[in-house]
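First to last, the sequence lines map onto chains S and G.
With the numbering used here applied, the first sequence covers 1 to 157.
With the numbering used here applied, the second sequence covers 1 to 777.
FYI, nobody ran anything at the bench for these hints, they're computed from the structure.
From a predicted model like this one, the values you see are computed outputs, not experimental measurements.
Even glycine gets a Cβ: it sits at the ideal position worked out from N, Cα and C.
Check the hints yourself; a few may be wrong.
Label pairs and their in silico Cβ distance ranges [what the hints assert, rightly or not]:
no., chain 1, residue 1, chain 2, residue 2, range
1, G, G34, S, D123, 48 to 54 angstroms
2, G, G273, S, Y4, 44 to 50 angstroms
3, S, R36, G, L59, 24 to 30 angstroms
4, S, D123, G, R770, 32 to 38 angstroms
5, S, R128, G, A71, 49 to 55 angstroms
6, G, G34, S, A61, 34 to 40 angstroms
7, S, I8, G, F271, 27 to 33 angstroms
8, S, A126, G, P402, 23 to 29 angstroms
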Amino acid sequence: MKDYAGPIELSLRINGETRRVQARPGDSLLRLLRERLGLTGTKCGCENGDCGACTVLVDGAPIKSCMALAVECEGSDILTIEGLRGHPVQKAFAVENGFQCGFCTPGMILNAVALLSAHPEEDEEADREWMQSNICRCTGYEGIRLALASARRSLKD
Amino acid sequence: MTRTSQLGSSPERSDAPAKTSGALRYTDDRVRPGTLHAAVLYSPHAHADIGRIDCAAALAFPGVRGAFTGADWPDVLIGLYMGDKPPLARGRVRYYGEPVAVVVADDEAAALEALRLIRADFTPLPALGSPREALAPGAPILHPDLGSYRRIAAILPEPGSNVANRSRIRKGDADAALASSPVVVEGEFSFPPGDHAAMEPRVAIAEFGLDGRLTVGSSTQSPFGVRTLLSKALGLPERDIEVIAAPVGGGFGGKAGIQLEPLACLLAMRFPGRPVRLANTREADMVSSPGRPGLQSRVRVGATREGMIQAMDMELLFDSGAYADYAVNVSRAAAVACTGPYNVPNVKADTLCVYTNHPFATAFRGFGHIELSYATERALDLLAARLGMDPLELRLKNAARPGHTTPTGATLDPNTGDLPACIARVRERLDWDAGRRAVLPDGRIRAKGIACFWKAPAIPTFTDAAATLSFAEDGSAVLATGVVELGQGSFDGLRLIVAEALGMDLAMVRVLRDADTDRSPHDWTTAASRSLFMAGRAALEAVADAVAQIKRVASAPLRCPEEDLEVSGGRVFLRDDPEQGLPLSTVVLGYVYPNGNAIGGPVIGRGRYIARGLSGMDPDTGEGRPGLEWTMGAEGVEVELDPRDGGFRVTKAACAMDVGRLIHPALARGQVVGAMGMGIGYATREAFVFDSRQGVQNGSLRDYKLLRYGEEPEYFADFVETPQGDGPYGARGLGEQGIIGMPGAIAQAASLAAGVELNELPLTPEHLWRAMREARS
Numbered sequence: 001m002k003d004y005a006g007p008i009e010l011s012l013r014i015n016g017e018t019r020r021v022q023a024r025p026g027d028s029l030l031r032l033l034r035e036r037l038g039l040t041g042t043k044c045g046c047e048n049g050d051c052g053a054c055t056v057l058v059d060g061a062p063i064k065s066c067m068a069l070a071v072e073c074e075g076s077d078i079l080t081i082e083g084l085r086g087h088p089v090q091k092a093f094a095v096e097n098g099f100q101c102g103f104c105t106p107g108m109i110l111n112a113v114a115l116l117s118a119h120p121e122e123d124e125e126a127d128r129e130w131m132q133s134n135i136c137r138c139t140g141y142e143g144i145r146l147a148l149a150s151a152r153r154s155l156k157d
Numbered sequence: 001m002t003r004t005s006q007l008g009s010s011p012e013r014s015d016a017p018a019k020t021s022g023a024l025r026y027t028d029d030r031v032r033p034g035t036l037h038a039a040v041l042y043s044p045h046a047h048a049d050i051g052r053i054d055c056a057a058a059l060a061f062p063g064v065r066g067a068f069t070g071a072d073w074p075d076v077l078i079g080l081y082m083g084d085k086p087p088l089a090r091g092r093v094r095y096y097g098e099p100v101a102v103v104v105a106d107d108e109a110a111a112l113e114a115l116r117l118i119r120a121d122f123t124p125l126p127a128l129g130s131p132r133e134a135l136a137p138g139a140p141i142l143h144p145d146l147g148s149y150r151r152i153a154a155i156l157p158e159p160g161s162n163v164a165n166r167s168r169i170r171k172g173d174a175d176a177a178l179a180s181s182p183v184v185v186e187g188e189f190s191f192p193p194g195d196h197a198a199m200e201p202r203v204a205i206a207e208f209g210l211d212g213r214l215t216v217g218s219s220t221q222s223p224f225g226v227r228t229l230l231s232k233a234l235g236l237p238e239r240d241i242e243v244i245a246a247p248v249g250g251g252f253g254g255k256a257g258i259q260l261e262p263l264a265c266l267l268a269m270r271f272p273g274r275p276v277r278l279a280n281t282r283e284a285d286m287v288s289s290p291g292r293p294g295l296q297s298r299v300r301v302g303a304t305r306e307g308m309i310q311a312m313d314m315e316l317l318f319d320s321g322a323y324a325d326y327a328v329n330v331s332r333a334a335a336v337a338c339t340g341p342y343n344v345p346n347v348k349a350d351t352l353c354v355y356t357n358h359p360f361a362t363a364f365r366g367f368g369h370i371e372l373s374y375a376t377e378r379a380l381d382l383l384a385a386r387l388g389m390d391p392l393e394l395r396l397k398n399a400a401r402p403g404h405t406t407p408t409g410a411t412l413d414p415n416t417g418d419l420p421a422c423i424a425r426v427r428e429r430l431d432w433d434a435g436r437r438a439v440l441p442d443g444r445i446r447a448k449g450i451a452c453f454w455k456a457p458a459i460p461t462f463t464d465a466a467a468t469l470s471f472a473e474d475g476s477a478v479l480a481t482g483v484v485e486l487g488q489g490s491f492d493g494l495r496l497i498v499a500e501a502l503g504m505d506l507a508m509v510r511v512l513r514d515a516d517t518d519r520s521p522h523d524w525t526t527a528a529s530r531s532l533f534m535a536g537r538a539a540l541e542a543v544a545d546a547v548a549q550i551k552r553v554a555s556a557p558l559r560c561p562e563e564d565l566e567v568s569g570g571r572v573f574l575r576d577d578p579e580q581g582l583p584l585s586t587v588v589l590g591y592v593y594p595n596g597n598a599i600g601g602p603v604i605g606r607g608r609y610i611a612r613g614l615s616g617m618d619p620d621t622g623e624g625r626p627g628l629e630w631t632m633g634a635e636g637v638e639v640e641l642d643p644r645d646g647g648f649r650v651t652k653a654a655c656a657m658d659v660g661r662l663i664h665p666a667l668a669r670g671q672v673v674g675a676m677g678m679g680i681g682y683a684t685r686e687a688f689v690f691d692s693r694q695g696v697q698n699g700s701l702r703d704y705k706l707l708r709y710g711e712e713p714e715y716f717a718d719f720v721e722t723p724q725g726d727g728p729y730g731a732r733g734l735g736e737q738g739i740i741g742m743p744g745a746i747a748q749a750a751s752l753a754a755g756v757e758l759n760e761l762p763l764t765p766e767h768l769w770r771a772m773r774e775a776r777s
């Protein structure tokens, strides 16, 4: 087990780049991304793991970055919304109005990206299980449901 | 040259690239280096005298720049309509979660660490847990200074009591009509307060510049309102205050008042030259910042045996919590519309905003109309049951139509929407006539419910909007308004309106989304479903003004009278000889002749709108015209109940609304569907749970359950289009309305399924299970 004390320098692979950054051992990945690296696309909705607005992908898996220590993520590939460029899921959320205020959207999109990669075929039960980890207060989920279906279709094409 | 209309098409939202890429910066995404961070100590008591607060140890903590209590600002009172709230509690706390002390430090971690070193003594007092408790003789008076608070004239507090505002409706003679009505029903209906739970917690970042100007970035729906109220609270002139509203991550009314800004500004004034960030945690956002009011109500309805309503007598008691904020106007709005969208010739209503020791309440989507609708719709259900009449038929029979009068005596004009048509659409969507209740083979019970709604914006009589239209070198147009982006879709509606009026490709029209009191045209507040209507009217005037300027400039090089010119398709040209014309790009910044001479200069279209013909209400009878335009509709649900355990879900939700004219159908649907989803949460799970001393037990998203993916029903959203004569292209407001009828419709369906009248929300499985068990025994 590795011990950390005082300010530390971390080397993190984020959106395909290696970023060296000063951190405290207790810094969450969320705080580090937003406050030290300026990656404010990752949102802070509850800091308690309840809302999913801070979801990022760590080695392809959706992680609530408020619940992960930055130090835990050394050696992993971190993908934030800023690293997702022109992905079919983004397009689908735009076309199907899978958002309104947009605050939950980065986390929702990243969770959906991971979901569709794990479950490329239609799977209502998996969709529900995965997407229930993120709250949207605006859409009533209709647009998000349509966006998932549409993204799944275009990813198969 | 004819162009097909773009109105009624559903182009992709113009903020889609920013919102799906993470590029959009909300207020808390704009923190500058060197910013100080504030952390707040919240009251652990709902009602207590504050003893000694010792901040010495906190002040000594490394990185701490200051620690403050209510005593630091002994004279400051804040309020929207009535100044009743200190920025930090003074002498007494009145709700669980009230800010008591604040630490300012170089970073948030230090501020939070130091906060734990503050010692505060409290002596708990008996806490008031409902409006009825607060109105009972001998109840503690929560605001002994109520009579001396600064307030606007429309708010009528009753000093010496806990009544923060009372609105009265006296239309016709309700007592006599009830006495002579062959059928009279009466019921009591209630629900506890709850929260907006917008996904973006509130944040304010204030800087008192070394130049003496105050700048505040805030997650607010009301930058201009915040500027005015800050000016009053801080004694700074409006010209020295700038409020910047970045796009907001969900408002729902919860960010429409003045909230974190005053404390952030007071702190900033102690540290000139350094921004101070005051950001809510989720828990603080739910409990310490305002939520929505609770309700206790009693309604009597008198009718003929044929089901024609003769009179309503109602008492709506709004649980405002510890401070008045927007709730004093919420209760007033409920009086304006108290009967719901029905023709009721005799009305007696008292709507009261009552102080309790609950978290305080502000505007919430629907603004008093969910409350009044729930109460009246439940009463109509009792009436339908008594008459043995289909609840849909009862509503159809009494539906408000043009020529009828509202509770305040205002006549519904021909702009009034077609409620019977809306009821008919819901009837079809839910296959209403196939039966309202059925037992499924597995024992579950399927039942349907319907409710109707109306809403007029509850706004000052002088509510305004403004717009400017300027142009870039490429001939593209830029619309600036003071509207705040909340996700509501107004901007794309405005964009379509401008494109339509200019005859321009949508791609050539941009709308600016940051509202900034120094730069944006004045706009009352982004609330009351009024942006598309009012800013839309202003935008149309701005387009007309710009077009006139374009024609004036172009008439010289085209050597023709201005009135022979037309603007469309990105050109200005001769109406009778369209080949003769100029691209707008050569005119909008001034026309330059081949020899270099120039004329005109940049075109700037100006547009304004102010509410038309509104008046206040008579304090004794409510008579007046406080409602600008009425949006009406009907909503219905289908629910499935498992009678064994009370488990139930809403399987279908239908709304039909008369929106005047559909501008952007997909976004209109988004508003209606989102509002229905929120209404399902409101009716079935969302409410604060209080302990015996009125502490909030579920002040986090772990315990305060919101609708999640897969729990949503099948949605139906239908639109009826009876044009609003004074609306832009006939449109009227539609953002809030979809929530209003849901609690009533769901309560009706759940009651039918359970076989017992359910008159309290939220309708949790436990609640249903208990009610069914009680009914059986």
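Hints and how they fare:
1. Distance hint check: the CB atoms of G34 (chain G) and D123 (chain S) are about 49 angstroms apart, consistent with the given range 48 to 54 angstroms.
2. At roughly 35 angstroms, the beta-carbon separation of G273 (chain G) and Y4 (chain S) lies outside the given 44 to 50 angstroms, and the hint is violated.
3. Separated by about 28 angstroms at the C-beta atoms, R36 (chain S) and L59 (chain G) satisfy the suggested range of 24 to 30 angstroms.
4. For the pair D123 (chain S) and R770 (chain G), the supplied restraint of 32 to 38 angstroms holds, since their beta-carbon distance comes to about 37 angstroms.
5. Roughly 52 angstroms separates the CB atoms of R128 (chain S) and A71 (chain G), a value that falls within the hinted 49 to 55 angstroms.
6. Distance hint check: the CB atoms of G34 (chain G) and A61 (chain S) are about 36 angstroms apart, consistent with the given range 34 to 40 angstroms.
7. At roughly 30 angstroms, the beta carbons of I8 (chain S) and F271 (chain G) sit within the given window of 27 to 33 angstroms.
8. A hinted range of 23 to 29 angstroms for the beta carbons of A126 (chain S) and P402 (chain G) is inconsistent with their spacing of about 52 angstroms.
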